[in-house]
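Model the full structure from these sequences, guided by the hints.
One letter stands for each residue in the lines below.
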Amino acid sequence: QKEVEQDPGPLSVPEGAIVSLNCTYSNSAFQYFMWYRQYSRKGPELLMYTYSSGNKEDGRFTAQVDKSSKYISLFIRDSQPSDSATYLCAMSPNTGGFKTIFGAGTRLFVKA
Amino acid sequence: DTGVSQNPRHKITKRGQNVTFRCDPISEHNRLYWYRQTLGQGPEFLTYFQNEAQLEKSRLLSDRFSAERPKGSFSTLEIQRTEQGDSAMYLCASSLPGGSEKLFFGSGTQLSVL
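First to last, the protein sequences are chains W and H. Take 1 as the starting number for the first sequence in the working numbering and just add one per residue. Take 1001 as the starting number for the second sequence in the working numbering and just add one per residue.
No lab work stands behind these hints, which were simulated from the structure alone. Keep in mind that the hints are not guaranteed to be accurate.
Said to hold, decoys possible - Each computed SDA-like pair below joins lysine to any residue, with the alpha-carbon atoms no more than 25 Å apart:
#, chain 1, residue 1, chain 2, residue 2
1, W, K2, H, L1039
2, W, K42, H, F1065
3, W, K99, H, Q1041
4, W, K2, H, G1085
5, W, K2, H, S1058
6, W, K42, H, L1114
7, W, K70, H, K1102
8, W, K99, H, P1097
9, H, K1057, H, K1071
10, W, K99, H, S1027
11, W, K2, W, T50
12, W, K99, H, N1030
13, W, K56, W, R107
14, W, K99, H, R1064
15, W, K99, H, T1076
16, W, K42, H, E1083
17, W, K42, H, I1012
18, W, K99, H, E1056
19, H, K1057, H, Q1080
20, H, K1102, W, L108
21, H, K1057, W, S28
22, W, K67, W, R37
23, H, K1102, W, S82
24, H, K1102, W, F61
25, W, K42, H, S1058
26, H, K1011, W, E45
Stated by the list, open to error - Computed footprint of chain H on chain W; a stretch qualifies when at least three of its residues, placed anywhere within it, have a C-beta under 8 Å from a C-beta of chain H:
#, stretch
27, 45-58
28, 83-93
29, 102-112
Ideal placement from N, C-alpha and C gives every residue a C-beta, glycine not left out.
Below, the structure is given as structure tokens:
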């Protein structure tokens, strides 16, 4: 079993829809939770960063962490075609990016 | 600040050849990481530098792989005697000093071993 599980999709939604992306994990030591967006043939770009449990909002994006269920989510409101990309969840037990574990990524397509 | 720069963007080589990739991190970042990403997978950690010191290496990094960061600025990743299984995107990332999970990635080097 992988430490971080993420449904690879693809997920296809119409423009304007609310998108929900999720990951589960098994290592209770994870304290830092991130979401990266990766466009085709590009490196990942950090979208959201959360420490421990709770919600964090940034514009159209909301990240949620439920440590009791070992479950994290990313919500995208009013999705746009430009949001079409692969979304990678990532998590780390402590400071130091070398311990960051990535999910496999979910491919999202937003249709105009 | 132009972000993390990686060269070349693409490399095609024949099995058994040696290849070298270069990464220039964001200038004020003293931490530098190499990751490998295959199709349909997330990035997998290879190795990590703090300044010029290589502090961590993954078991994925066989003895055919070597990484250097001689002056604590740019880094190189060399793969000797390449194998078809080495075909992947090699990503470099950097982060701020003082501990950070916020990784800034380059666009990667896509390696194809024929």
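- When you check the alpha-carbon spacing of K99(W) and S1027(H), does it fall within 25 Å? 22 Å, holds
- Restraint check for K99(W) with N1030(H), where alpha carbons must lie at most 25 Å apart: The hint holds at about 16 Å.
- Query: Keeping to a limit of 25 Å between CA atoms, is the pair of K1102(H) and F61(W) held or broken?
  - Reply: 17 Å, holds
- Task: Mind checking the alpha carbons of K70(W) and K1102(H) for me, to see if they're no more than 25 Å apart?
- Result: At roughly 21 Å apart (the allowed maximum being 25 Å), K1102(H) and K70(W) satisfy the hint.
- Quick one, are K42(W) and F1065(H) close enough, alpha carbons at most 25 Å? 23 Å, holds
- Message: Hinted pair, alpha-carbon criterion (25 Å max): K1057(H), K1071(H). Please report holds or violated.
- Response: 19 Å, holds
- Quickly compare the C-alpha distance for K1102(H) and L108(W) to 25 Å and report which way the hint goes. 23 Å, holds
- Between K2(W) and T50(W), is the straight-line Cα distance small enough, at 25 Å or below? Holds, because 21 Å separates the two Cα atoms, which is no more than 25 Å.
- Message: With the threshold set at 25 Å, check whether the alpha-carbon distance from K42(W) to L1114(H) stays at or below it.
- Response: It holds: about 23 Å lies between the C-alpha atoms, which stays within 25 Å.
- Can the stretch 83-93 of chain W be counted as covered by chain H under the rule of three residues or more with Cβ-Cβ separation shorter than 8 Å? holds (count 3)
- Task: Sort out whether G1085(H) lies within 25 Å of K2(W), counting only the CA atoms.
- Result: 21 Å, holds
- Message: Can you confirm whether the C-alpha distance between K99(W) and E1056(H) stays at or below 25 Å?
- Response: 10 Å, holds
Violated hints for the displayed structure: none, as all numbered hints are satisfied.
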